[in-house]
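The chain contents come next:
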Amino acid sequence: MSAAIRESCDLAVIGAGPAGLAAAATAARLGLDTVLFDEQPAPGGQIYRAITETPLSERGVLGEDYWHGGALLEPFFQSGAQYVPGATVWSVTREGEIGVSVAGAARLLQARHVILATGALERPFPIPGWTLPGVMTCGAAQILLKSSGLVAAGQVVLAGSGPLLWLIAAQYLRAGGEIAALLDTTPSANWSAALPHLPGFLASSYLAKGMKLVREVKRRVKVIAHVASLAAIGGDRVEEVAYRVFGGSETRMPVDTLLLHQGVVPNINLSTAIGCAHGWDPAQLCFTPVSDEWGMSSLDGIAIAGDGAGISGALAAEHRGRLAGLDAARRLGRIGDDARDRAATPHRTALARAERGRRFLDRLYRPAEAFRLPAPETLACRCEEVTAQQVQEAVALGVQGPNQLKSFLRCGMGPCQGRLCGLTVTELIAKARGVPPGAVGYYRLRPPVKPITLAELASLPRGEAAEKAVVRG
Amino acid sequence: MFRRAKEAGTARVSLSVDGRPIAAEAGDSVAAALLAAGITACRTTPVSGAPRAPYCMMGVCFECLVTIDGIGSRQACLTPVRDGMRIETQQGRREAGR
Amino acid sequence: MSERRDYDVAVIGGGLVGSAIGWGLARLGQRVAVLDEGDVAYRASRGNFALVWVQSKGLGMPEYAAWTRRSSDGWAGFAETIKAETGLDPAFGRPGGFTLCLSGAEFEARALTMKRLHNQSRMVDVPYEMMERPALEKMLPMIGPEVVGGSYCPLDGHCNSLRLLRALHTGMERQGAQYLPSHIVETIEPRGGEFHLVTTGGSVTAGKVVLAAGNGNARLGSMVGLDVPVRPQRGQIVVTERARPFLPYPVVTIRQTDEGTVMLGDSLEEAGWDDRVGSGVTSVIASRAIRMFPILKSLNVVRTWAALRVMTQDGFPIYEQSAECPGAFVATCHSGVTLAANHGLVVAPMIKAGRLDGELDVFSARRFDVPKS
Chain A
1 MSAAIRESCD
11 LAVIGAGPAG
21 LAAAATAARL
31 GLDTVLFDEQ
41 PAPGGQIYRA
51 ITETPLSERG
61 VLGEDYWHGG
71 ALLEPFFQSG
81 AQYVPGATVW
91 SVTREGEIGV
101 SVAGAARLLQ
111 ARHVILATGA
121 LERPFPIPGW
131 TLPGVMTCGA
141 AQILLKSSGL
151 VAAGQVVLAG
161 SGPLLWLIAA
171 QYLRAGGEIA
181 ALLDTTPSAN
191 WSAALPHLPG
201 FLASSYLAKG
211 MKLVREVKRR
221 VKVIAHVASL
231 AAIGGDRVEE
241 VAYRVFGGSE
251 TRMPVDTLLL
261 HQGVVPNINL
271 STAIGCAHGW
281 DPAQLCFTPV
291 SDEWGMSSLD
301 GIAIAGDGAG
311 ISGALAAEHR
321 GRLAGLDAAR
331 RLGRIGDDAR
341 DRAATPHRTA
351 LARAERGRRF
361 LDRLYRPAEA
371 FRLPAPETLA
381 CRCEEVTAQQ
391 VQEAVALGVQ
401 GPNQLKSFLR
411 CGMGPCQGRL
421 CGLTVTELIA
431 KARGVPPGAV
441 GYYRLRPPVK
451 PITLAELASL
461 PRGEAAEKAV
471 VRG
Chain B
1 MFRRAKEAGT
11 ARVSLSVDGR
21 PIAAEAGDSV
31 AAALLAAGIT
41 ACRTTPVSGA
51 PRAPYCMMGV
61 CFECLVTIDG
71 IGSRQACLTP
81 VRDGMRIETQ
91 QGRREAGR
Chain C
1 MSERRDYDVA
11 VIGGGLVGSA
21 IGWGLARLGQ
31 RVAVLDEGDV
41 AYRASRGNFA
51 LVWVQSKGLG
61 MPEYAAWTRR
71 SSDGWAGFAE
81 TIKAETGLDP
91 AFGRPGGFTL
101 CLSGAEFEAR
111 ALTMKRLHNQ
121 SRMVDVPYEM
131 MERPALEKML
141 PMIGPEVVGG
151 SYCPLDGHCN
161 SLRLLRALHT
171 GMERQGAQYL
181 PSHIVETIEP
191 RGGEFHLVTT
201 GGSVTAGKVV
211 LAAGNGNARL
221 GSMVGLDVPV
231 RPQRGQIVVT
241 ERARPFLPYP
251 VVTIRQTDEG
261 TVMLGDSLEE
271 AGWDDRVGSG
281 VTSVIASRAI
291 RMFPILKSLN
301 VVRTWAALRV
311 MTQDGFPIYE
321 QSAECPGAFV
331 ATCHSGVTLA
341 ANHGLVVAPM
351 IKAGRLDGEL
361 DVFSARRFDV
371 PKS
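Protein chains in written order, with the numbering used here: chain A, 1 to 473; chain B, 1 to 98; chain C, 1 to 373.
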């Protein structure tokens with residue numbers, strides 16, 4: 001499917017989820033020489049994962065919102081953009097040089113403009129025992145379902161908070177899976193806090209869809225609300241989940257598979273490594289890249305579209321992708337300002353509609369601090385096995401932020417590069433210092449944002465200056 | 001513990017895990033195949049030797065590292081199965097040269 | 001918020017130099033403040049290679065070879081002390097180390113450099129051996145076919161430098177030093193036999209001040225009558241995933257850490273204040289490393305780093321006390337790991353006594369004033 005990667009292009013889009021597909025299609029149709037890179041073997045990103053290949057062809061199982069993703073494919077494949085699946089982008093410079101690896105071979109590509117569409121990942125959920133085999137994210141279960149038609153067998157418990165929790169539970173049940181319990185960690189106080197945003201929610205499509213899903217799940221699954229603490233217990237794998245309802249005592253349940261979810265956050269590893277500015281979003285409790293209404297980041301020539309720019313959901317992602325694609329065409333001189341703005345109008349309207357109701361959801365499903373700040377003995381960093389207590393002790397020693405923490409404790413030095421510990425570490429430091437997370441900052445990252453072999457790195461082109469800098473007498 | 005709610009209807013694929021044969025379907029990732037075969041842990045960590053298994057299935061957690069056809073530290077969730085693949089669980093640190 | 005504090009010594013800089021000196025002073029009973037920047041700062045100490053290296057030091061200044069050898073000889077005891085005080089092990093090892101050559105020309109050049117180094121009058125005894133391939137293979141059986149030989153010095157070693165930094169911070173806190181992060185020094189005013197520091201975290205007053213702020217020393221030096229001509233010089237490092245132990249000796253550009261990761265270096269780049277990595281240099285580093293040890297080629301790179309060394313014109317340290325402002329000192333170098341033992345155990349007592357010993361005169365910045373003949 002993929003022809004040889006060229007040495008240069010007008011536009012490189014990274015990520016074949018809704019934002020990336022829409023951005024690439026829009027830009028390519030306007031005449032930009034466009035390449036879309038994606039790590040997976042098939043398009044769709046995570047939300048539309050396996051949409052071309054899922055064994056779950058009966059549409060009612062995954063639901064119409066999923067199948068909507070199919071509408072993005074043909075415009076993309078007809079647009080003239082080059083699609084490179086199985087491509088791991090491990091580096092992007094602010095000058096638009098892309099380092100990418102396909103089938104174990106690394107190469108560089110020069111783009112005049114870049115759109116990052118790497119989407120979101122699950123918020124870390126650091127409960128005691130979260131590293132035990134048998135504990136996974138709800139997203140992981142959803143991927144296994146979509147890609148391979150697999151459901152967890154035996155005692156399956158879902159735990160956490162957020163709309164995706166209910167969606168996944170419903171999809172599971174429709175596919176013939178069984179769920180022993182759903183432990184809802186949504187704090188009851190969130191309801192009243194979310195009320196001011198209710199009008200937008202009532203006017204959105206989320207209300208009807210959401211209520212339908214919740215009813216569907218509650219009919220068949222024991223739902224325990226106001227769960228205030230959770231722990232996965234076991235030796236070599238998870239055997240029980242212990243939980244406590246707010247004000248109650250601990251209950252234990254046997255479990256074979258524990259699926260966790262407390263929302264998604266932008267995947268900022270690439271945007272951080274490039275050097276884009278990021279800010280702390282106090283509503284969504286995560287770092288998001290600074291970007292304008294077209295998705296342009298703080299660095300000229302690097303734009304960000306979709307959930308990677310801020311969590312707004314799959315529909316908003318595709319509209320933002322189109323806006324970024326239009327802006328790319330304008331910046332590279334294919335269309336003028338007026339043409340761009342005119343073409344953008346319907347997408348802006350659709351975007352506003354897609355974002356309606358999200359502020360209510362954000363506030364309602366804001367994860368409790370107890371689940372964002374782990375207990376002392378719980379691992380904050382999975383890769384390097386660093387506990388929350390160790391982080392707190394380092395702050396007591398005077399460590400101000402995650403970068404100094406990294407050099408003292410190795411958090412963030414493992415292969416995941418902070419994807420599963422960054423937010424936890426920042427919030428732990430912020431809490432210990434008594435300052436907002438925005439004042440603490442995030443890990444400073446550098447390429448490769450995904451591992452490549454030394455052989456691949458060694459194979460890249462380099463100039464004489466680089467040789468001279470290294471080889472001395 | 002995972003079971004097929006729906007068969008893919010694609011070709012059956014045979015792989016081995018630490019020498020033991022398992023079956024998978026074309027289109028599975030190695031991680032999915034391991035989970036479908038009831039394999040609990042795919043590695044032990046290089047820090048403490050604790051058992052780990054796939055966690056995110058989307059390539060960001062790096063828990064699913066296994067040795068595939070003699071090459072270590074491969075992300076099982078990003079690698080499609082192939083007939084005859086040799087998978088080995090990765091015990092602790094990777095061996096340089098494999 | 002303004003706070004007045006009283007200290008015997010204010011050390012400016014919490015990197016390897018500042019924390020070693022701060023620790024050394026604190027355990028001598030001095031009331032010490034170590035001032036540091038915030039989380040994001042240039043921090044050469046975060047980017048170093050962790051070698052405790054002797055073999056090629058001192059070409060142009062044999063006193064530096066002696067100073068280096070002294071620190072290397074004292075390092076084991078220093079590490080034991082730190083470990084006993086803090087429970088943190090700097091993981092020091094001195095198995096001897098290598099510089100490897102990938103061509104006859106490299107070998108000849110290396111042999112010549114070593115010969116010139118050792119031919120200097122006043123050069124101290126530092127054992128070394130130029131080894132051709134057969135002898136090298138006995139010690140490093142896994143070297144690649146392109147390695148023609150190298151230089152070996154039994155006094156070379158390495159440690160875990162990040163753990164060392166953490167241990168020094170832990171140790172100095174236990175010894176009663178006050179660590180003041182986010183206290184960037186804006187001005188130093190010598191006043192009435194004391195030093196009044198205005199910082200972003202408040203005011204600090206101390207009887208003595210030690211400039212250990214790396215490349216920041218150039219700006220601060222002029223406030224206390226010290227000329228500190230240092231400049232940033234970039235170096236890049238590539239780090240692999242953890243691997244089972246296979247490399248028992250450090251090589252000057254390749255070493256396996258106690259955690260199993262393999263560190264590969266390095267570069268010398270005049271890049272100003274740009275501490276970003278670039279794929280050209282990291283590619284060359286990777287390429288040379290694989291040529292030296294083909295076994296490395298399929299290991300995954302999990303991290304690259306760049307840091308700015310603190311570099312003088314001749315590459316040697318600056319230790320000096322201010323004539324104009326007695327009680328102001330500067331200690332700066334690019335070998336903060338190798339010299340940590342000296343800084344903590346030799347320089348700190350000198351600062352407490354208020355005078356750098358004569359043996360350090362050679363490291364004064366006044367050496368740069370000498371007109372070249």
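Since the hints were made in silico from the structure, they are not lab data. Idealized CB from N, CA, C, for every residue including glycine. Any given hint could turn out to be false.
[What the hints assert, rightly or not] Computed beta-carbon distance windows for the label pairs:
(1) A:Ala105 <-> C:Val370: 26 to 36 Å
(2) C:Gly29 <-> A:Pro461: 12 to 22 Å
(3) A:Val223 <-> C:Ser203: 28 to 38 Å
(4) A:Glu377 <-> B:Gly84: 40 to 50 Å
(5) A:Thr251 <-> B:Ser16: 35 to 45 Å
(6) B:Gly38 <-> A:Arg244: 53 to 63 Å
(7) C:Asp73 <-> A:Pro85: 38 to 48 Å
(8) C:Thr113 <-> A:Gly104: 31 to 41 Å
(9) B:Pro21 <-> A:Pro199: 32 to 42 Å
Here is what the structure says about each hint:
For Ala105 of chain A and Val370 of chain C, the hinted distance range of 26 to 36 Å is not satisfied, since their beta carbons lie about 54 Å from each other. At roughly 58 Å, the beta carbons of Gly29 of chain C and Pro461 of chain A sit outside the given window of 12 to 22 Å. Checked against the hint of 28 to 38 Å, the pair Val223 of chain A and Ser203 of chain C fails, with Cβ atoms roughly 58 Å apart. Under the hint 40 to 50 Å, the C-beta atoms of Glu377 of chain A and Gly84 of chain B, about 44 Å apart, fit the expected range.
Taking the beta carbon of each, Thr251 of chain A and Ser16 of chain B are about 42 Å apart, inside 35 to 45 Å as hinted. At about 31 Å, the CB distance of Gly38 of chain B to Arg244 of chain A disagrees with the hint of 53 to 63 Å. Hint check: Asp73 of chain C to Pro85 of chain A, Cβ distance near 58 Å, so the stated range 38 to 48 Å is violated. The hinted range of 31 to 41 Å is satisfied by Thr113 of chain C and Gly104 of chain A, whose Cβ atoms lie roughly 39 Å apart.
A beta carbon spacing of about 59 Å between Pro21 of chain B and Pro199 of chain A contradicts the range 32 to 42 Å that was offered as a hint.
Comparing the model with each numbered hint stated earlier shows that hints 1, 2, 3, 6, 7 and 9 do not hold.
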